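Asks: Order-wise, the sequence lines are chains A and X. In the numbering used here, each number is its position in the first sequence, counted from 1, plus 934. In the numbering used here, each number is its position in the second sequence, counted from 1, plus 638.
Keep in mind the hints are simulated off the structure, nothing from the lab. Just to be clear, a hint being listed does not mean it is correct.
Away from chain X, derived, C-beta distances all over 10 Å, residues of chain A [to be verified]:
1. E936
2. L940
3. G984
4. A987
5. P988
6. G995
7. V998
Computed spacing ranges between beta-carbons, pair by pair [claimed, not checked]:
8. X/L671 x A/A1018: 26 to 36 Å
9. A/F938 x X/G834: 22 to 32 Å
10. A/F938 x X/S661: 40 to 50 Å
11. A/F938 x X/G835: 18 to 28 Å
12. X/G659 x A/A1004: 29 to 39 Å
Note that the structure is predicted; figures quoted are calculated from it, not measured. Positions of the beta carbon are idealized from the N, C-alpha and C atoms, including for glycine.
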Amino acid sequence: VETFLLIALLFIVGFWGLLGKYHLVKKVIGFNILSCAVITLFIYQGSLFGVAAPILVSDMGTIVDPVPQALMLTAIVIGVCLTALALALVYRIFREFGSMDIRVIESRDLSAHE
Amino acid sequence: MNNCLVLLVAIPFFGAFFSLGDSFRGGRIFSRLAGSVSLLLSILCLVLLLPAAGDGASYAVGGWPRGIGIYLFLDIRAWYISLLVVFVSFGALVFSWGEGIYDYKFTFFYLIMAGGMQGTILTEDVFNLFVFLEIIGVTSYVLIAYSGKGTSLLASYKYLLYSSVGMMFFLFGVFLIYRAAGDLSYGGIRYAAEAGGRTSADIRLGIFILIAGLGIRVALAPFHFWLPDAHAAAPHPVSAVLSGVMLKASLLPLFRLIDIFPGSSFFTLFLWAGAGAALMGALFSLAQRDVKRVLAWSSVSQMGYVFAAYGAASDTAPGAALIHLLNHGITKSLLFLSIGVVIHREGHKKIENLRGRGARYALARAAFLAGTASIMGLPPFGGFAGKKAVSLALADEAPAGALLLLAGVFTAAAFLRLGGIFWTPAPKETPSLRDGSAEYRTAGWMEVSLILLMAALGAAAFSPALSFFPSMEVIYSPRNILEAFLTAALGYGLFRLTRTAPGRALSNRLPRLHPGLNGLLIWGMLGFAGLVLLAAF
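Excised from the complex, chain A in its bound form (with noise of 0.2 Å):
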């Protein structure tokens, strides 16, 4: 119980600093912890039934649940490839508008309130 209560502590520390910070990239590493926490419940979850690897061994009895390894692998993945196209969009943005505060910015970029 103590583990799915420090994940979900990493959870709400992810989205405090998706939410409480204006710094672009600060948002942005606020959603790396968000989808940190993610992971981790998975392969928590997954290691509660066995204590090997599942990698080349005979004996299925003691492995852990291959899939939620299977899932997460791809899902760390998908959240780099995710990062790297957000800091380049940070850096395009920051060249663009001059700034890194999302206030400041939404305020420079009239178009959506014409």
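Using the hints, position chain X against chain A.
Replies: Below, chain X alone, put in the same frame as chain A:
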């Protein structure tokens, strides 16, 4: 024959890599060839698959047995949506040739997006759904930001963060489903849910949480606030694909998931969220000044119709939702592209700057007229069939049906307002920004693409005759036709009202309510809390 299923996903991916050939040689032969050939081959695959789709065709990738392997599945509903995806993607790709401002990188991302949408439609398990949703997500973020203008970059960043957070909720939902069902394929989830009791309740909660993520992609209220920014900032062909087909491609898996629990609170949620979004979207589209934002808000509204129809859960509901979805897909992409012709050649985006400027583009004018009539629900266009099918499905849900009728009036007003671009005399004193430029030489492709989509719209008028809907006569009854014209007339009255002083004041105020990035996240959180509450009761 069923091998065609995997080809549907794989062909656009191969085409994408083939289009990279232009990076070595220069020119655009490779990307154009790759784009057109791969999408036309996809159409061929779909034609070959039609006989099998009737009973539902499935394919095991790599030949692994069920429970281990990845499965693709195509039924008749998926077949139609898949055809819509391929056809509109092809039309919009032809349009992008006409604009002449895109290079092979555009085609690369565009084709990956097309393949991703096919995967989203065909996949048979929730985790592959996640992967394909992220594929269409990443490519659409890139394509939205393609122009490199500040507004587009910001819209892309906002959409990226918001929808990535949504996908984390999606994964959390997948986690709950996996823990309860021990299986992630739709069939496995259904099997586990039929056991009832605790397992079934957990799966239901999982799907509710998953909707907090998927709802962003399909613009389910209140997760729809990203859509006007992103769809308005994208290049025209991309807007057409995002609004026309991407929303629909992501919708089919959602329908498949909630079908696991017939008669549950999912349907009530869809009914009311849909009816509310229909009215709100139409109201906001009337108040926008940017032409593409009008169209984008109208997409929110029309998706609301689809949700409401599906949520009615009557006998005709799935058929009605499908008909409206197909018709809206064609109509909205036609509208985006016909407006795109005018915006591209005149260089303005605001309605008041564009007044009368569209009059000189005869084909765009005809296409816009057809699209407007369709979205206002005037016969004989497809939108009429869609709207009437939806109101037939909602026959037992009078309050929601009334909301939709009201939304129809607002939609009519919003599009009559846009009509000013094409039907008022052109301003003589101000020449268009791009008059006489070399772009006119390549412009023929834009017209070809409009003709393609108009042909599709014409064919869509017969959509109620498709096998999954009772009959044409029920839809094209004199009473329905009269009602449609009455709605349009009321819409004209409403349009006149917005020209009065209080109307102007109100339509100036409404767009200011639009939330920024933090507003998006807060709305998403509220929507998530609402879904969890709904799951608890």
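Asks: None of the hints should be skipped; say for each whether it holds.
Replies: Hint check:
1. At roughly 18 Å, the least C-beta separation between A/E936 and chain X is larger than 10 Å, which holds for a residue marked as non-interface.
2. Separation of A/L940 from chain X is adequate, the least Cβ-Cβ distance of about 16 Å exceeding the 10 Å criterion.
3. Interface exclusion of A/G984 from chain X stands, the closest Cβ pair being 15 Å apart, more than 10 Å.
4. A cut-off of 10 Å between C-beta atoms confirms that A/A987 is not in contact with chain X; the least separation is 19 Å.
5. The non-interface label for A/P988 is consistent with chain X: the shortest C-beta to C-beta separation is roughly 13 Å, beyond 10 Å.
6. Non-interface status of A/G995 relative to chain X is upheld: no Cβ of that chain comes within 10 Å, the nearest being about 17 Å off.
7. Once the 10 Å rule is applied to beta carbons, A/V998 is consistent with being away from chain X; the minimum gap is 14 Å.
8. Here the CB-CB span from X/L671 to A/A1018 is close to 30 Å, well matched to the stated 26 to 36 Å.
9. The given range of 22 to 32 Å is respected by A/F938 and X/G834, whose C-beta atoms sit roughly 26 Å from each other.
10. Take A/F938 and X/S661: their Cβ atoms lie about 48 Å apart, and the range 40 to 50 Å holds.
11. At roughly 22 Å, the beta carbons of A/F938 and X/G835 sit within the given window of 18 to 28 Å.
12. In this structure, X/G659 and A/A1004 meet the distance hint of 29 to 39 Å, their C-beta atoms being roughly 34 Å apart.
The earlier numbered hints are all upheld by this structure, with none contradicted.
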